[in-house]
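Peer 1: Take a look at the letters that make up each chain.
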Amino acid sequence: MSTPGTSAVAAPQHAARQDGPPAPQDALPAHFDALIAAGETIEPRDWMPDGYRRMLLRQIAQHAHSEIIGMQPEGAWLTRAPSLHRKSVLIAKVQDEAGHGLYLYSSAETLGVDRAELLDALHRGQQRFAATFNHPALTWADTGAIAWLTDGAAVINQAPLCRTSYGPYARAMRRVCQEEAFHVRQGYDLMRALCEGTPEQKRMAQDAVDRWWLPAVALMFGPPDTEAGGADARTAALGAAVSRRAIAWGIKRHTNDELRARFVDSVVPQAERLGLTLPDPAIRWNEERGHYDFTPVDWETYRDALGDDTHWARQRIAHRRAAHEDGAWVREASAAYAAREDADGRTEEPA
Amino acid sequence: MTTTSDTAAETARTGQDPDLAAHLLRLGDDALVLGQRLCQWITRAPTIEEDLALSNIALDLVGHARTLYTRAGGLDGTGRTEDDYAFARADREFTNALVTELPNGDFAVTVARQLVYTHYAVLYYRALADGPDPDLAGFGARAATEVAFHRRHADDWTRRLGLGTPESARRMQAGLDRVWPYTAELFEEDDLVSRLAAAGTVPGPASVRPSWEREVGEVVAGAGLTVPAPRWQARGGRDGLHLEEFGVLVAELQSVRRQFPGGTW
Ligand SMILES: [Fe+2]
Ligand SMILES: [Fe+2]
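First to last, the protein sequences are chains A and B. Taking UniProt numbering, the leading residue of the first sequence gets 1, the next gets one more, and so forth. Taking UniProt numbering, the leading residue of the second sequence gets 1, the next gets one more, and so forth.
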């Protein structure tokens, strides 16, 4: 799944913890800068600027939430997969996404919050997830389009994050990336089977691509952060400032628009091989730039269409909340049982 | 009716054994239908860890169904594939035990259903592993090892819910009460199974019932709960007589496949 764009996210609710090593106060920032400059990782015990911690926490939490919410559109097709092979592949994929959520919540926890707080923030609408998933999976082919296109976008986004400056995040991302690459291949394979099938199957595949292309190309990479990418001058300046800071801190390594272009370059030839048409008439090889041209993302329109208060945004959160609330008695039982085992363990210790 | 040695000779000559095929379909249907029910939990579980655990179990169960269906297709002379069995049969042709199709209910009902099935399946698959058919024995050994993990998961949750809070204990007991009337069918020996057991082709499921009763009795008692003593026991699944909810389960399972006749997947 995705590393969502870093804009427009509610600030985290938690005061940053300051448990850096004992050292003169002004030596700490210098030490931090030196680690970043040397390309070394920042570890939870290291001092870090508040802004760095906040930016990371926001990004990791949003990424973790996206993994979990992203299980829903595909999860809805688990019971309908049209072959036992595809069913197995889809179960394994959705299971991987749950695992990604767990790794990422764990790395967020190294920044001094716990998963329950992050889930509460998600359920209350205070932290976001990739708006890509505020989009319905209407047919079986959508599961293929999601795996091929949105996981494909995630791979492009996430490959640089395997070298991101915060150690626990980088290590989580290395595990995630390998599995995402596998999801993309399986999504492509699913689409290939449909394209080689009956005309009705091929139409279903094309329809899914028509609907999932923009959610992938626009929303998986965040807002345009360059004028060339379609931002107006003010937005571009703001976006560039955010990206510059994230890049300076080694959290990001590329602008949103660079990654977006890289994604388009990788997908166009794949779509051609499948015989599918990407729904953007402006896609054309640009010999001079050595990249494909495509229509700049109209972010405002797009974000509004799939924004926070739409049917699907509400539905995704409602689904999560229902699961969480229905399971409250189970989690309470678990906690009570664990407390009791702990107490029993203590009383059994020799005096 | 053919005698045991006739059947064995026929199997050896043609590789076909319709009785064994029918029996393997029952086991495969148990696995697929229970896996389908577990798929309905995914994204709805009480924790992300449970979404992960239940999908892991569902994945193993679908794997068991695939192996069993493939083998059945070789044995019944039809050459049907795993997908033919899963997607091209009518509801009445499925022969899973009713317990595997029971609706999920709350998490405690699902745990109770897992408890009774996994203890049965580990015992029965281990018994298969000692049987004369090398392929089936190999499958039994592998599947028993996998289901032993699912059994551990069910045992742990039974205990945790039984000893957790008053509410969880009440719900866990209700879950046991809900599933118990459907357990006897797992051990039922009708003419088909009796013929196979008499020929020594497969163990009779009734042979594992005493161990099952001892094991689940221990888990339930260890969780501070009571083994239900239902006044009735349901049957019918092995003859294709299912609960009303089953039609919906099969319709959902097969919907995409049936929408695209002649499709390749
Ligand atoms: Fe993922
Ligand atoms: Fe993925």
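By construction, these hints were calculated from the structure, which means they are not laboratory data. A virtual CB, placed ideally from N, CA and C, is assigned to each residue, including glycine. Be a bit skeptical, because a hint or two may be false.
[Said to hold, decoys possible] From the derived model, a few chain A residues whose C-beta atoms are all more than 10 Å from chain B: (1) Glu200; (2) Gly250; (3) Ile283; (4) Thr301; (5) Ala322.
[Unchecked claim] To spell it out: a stretch of chain A is covered by chain B in this simulated footprint if at least three of its residues, at any positions, have a beta carbon under 8 Å from a beta carbon of chain B; those stretches are: (6) 61-74; (7) 78-89; (8) 266-272; (9) 325-333.
[Said to hold, decoys possible] One-sided excerpt, in silico: chain A residues whose CB lies under 8 Å from chain B: (10) Leu102; (11) His319; (12) Gly345.
Peer 1: Against the structure shown, which of the earlier numbered hints fail to hold, in ascending order?
Peer 2: When the structure is compared with the hints, numbers 1, 5, 8 and 12 turn out to be violated.
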